[in-house]
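*Asks:* Residue-level listing of the chains:
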Amino acid sequence: MTANPLRGATDAARIQEFVSELEGFATKAEETLKAIESDLEGNRHLFSVFSESMFTIRGTAVQLGFPNIADIASLGEELAIKGRSATQRAHIRRCVAALWDAQTTVKYLIIHHDEETGEEQQILMNRLQSMLNAFGGARPKVDQDEIEALLKGRG
Amino acid sequence: MGRMLLTDLNVLVVDDVNSMRVNIRDLLKAAGFSTVRVAGGVDEAKKLLEVETIHLVLSDLHMEPLNGLDFLGYVRGHPLYKGVPFLMVTAENTKEHVLGAIVAGVDDYIMKPFTAVQLQNKVYGVLQRKKVIGT
Chain A
0 MTANPLRGAT
10 DAARIQEFVS
20 ELEGFATKAE
30 ETLKAIESDL
40 EGNRHLFSVF
50 SESMFTIRGT
60 AVQLGFPNIA
70 DIASLGEELA
80 IKGRSATQRA
90 HIRRCVAALW
100 DAQTTVKYLI
110 IHHDEETGEE
120 QQILMNRLQS
130 MLNAFGGARP
140 KVDQDEIEAL
150 LKGRG
Chain B
0 MGRMLLTDLN
10 VLVVDDVNSM
20 RVNIRDLLKA
30 AGFSTVRVAG
40 GVDEAKKLLE
50 VETIHLVLSD
60 LHMEPLNGLD
70 FLGYVRGHPL
80 YKGVPFLMVT
90 AENTKEHVLG
100 AIVAGVDDYI
110 MKPFTAVQLQ
120 NKVYGVLQRK
130 KVIGT
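Protein chains in written order, with numbering that gives the first Met the number 0: chain A, 0 to 154; chain B, 0 to 134.
Rather than coming from a laboratory, the hints here were simulated on the basis of the structure.
The structure presented is a predicted model; accordingly, all values stated were derived computationally and were not measured.
In silico lysine to any residue, SDA-like type, Cα no more than 25 Å apart, as pairs:
id : chain 1 : residue 1 : chain 2 : residue 2
1  : A       : Lys27     : A       : Ser84
2  : A       : Lys151    : B       : Gln127
3  : A       : Lys151    : B       : Gly76
4  : A       : Lys140    : B       : Gln117
5  : A       : Lys140    : B       : Thr114
6  : B       : Lys81     : A       : Gly152
7  : A       : Lys140    : B       : Asn120
8  : B       : Lys28     : A       : Gly64
9  : A       : Lys140    : B       : Val102
Covered, in the sense of this in silico footprint (three residues per stretch, anywhere, with C-beta under 8 Å from a C-beta of chain A), are these stretches of chain B:
id : segment
10 : 18-29
11 : 91-100
12 : 105-115
Beta carbons: idealized from backbone N, C-alpha and C, even for Gly.
Chain A with its partners taken away, still in its complex shape (with noise of 0.2 Å):
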């Protein structure tokens, strides 16, 4: 893992600045998911507002060093693509429940950013892993040599 630039600094205020920024985002998520629970079908497209709140927290924990953050935001964030492009109202529900699950996790361990992965919170990732497979997985990735690759094949 990439060392933590925050956690080497002194700066105590920086690391509150950090929690308090993704502590809004975490918010902004949770309202949207309230607002998709009140419409299942309705506010589907607010499913892409929630995987770019999971995907902000997710790119900046990750390289702020706080990878527990980051792995649950992550799956937050493909659970979300899965709930935009679900057809059954059954597949839609299953999303916004996992979601409640990784979205109160994910505050959870912001707000206690300090505090190791637990045990519940391996389950969870877990089980909503289990249930991103079950939905066929996450979209597919590439890594930094790909990029290269990419950029090199480009001439």
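Following the hints, position chain B against chain A.
*Replies:* Here is chain B on its own, set in the frame of chain A:
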């Protein structure tokens, strides 16, 4: 343009997350760039381009209402800025998005998480390929 020193370069960091802007700015300063401008969105970045000579752009991909690809398209389509080296800095690693950035003309693409050394290597590489700095 003649070859320049790192301390002469004006770098623009565009990210809608303040923590990321601060992190990238600090890493760039540690790498020897003395002037690093930051913008919280594309509109702010465009305004900075208008008033300052920018030698390198590091932009996030996912931003609202305009995103990094919108900004890249603006830069590449502008007669004054089209040659400015442009590095996409993002956690987005879906093939679709990466290819989109490459097709749109990004000079390089760095995925989070990255270390100071990885960022430095990417930035130096882009600046050398674009002949902004010497090898």
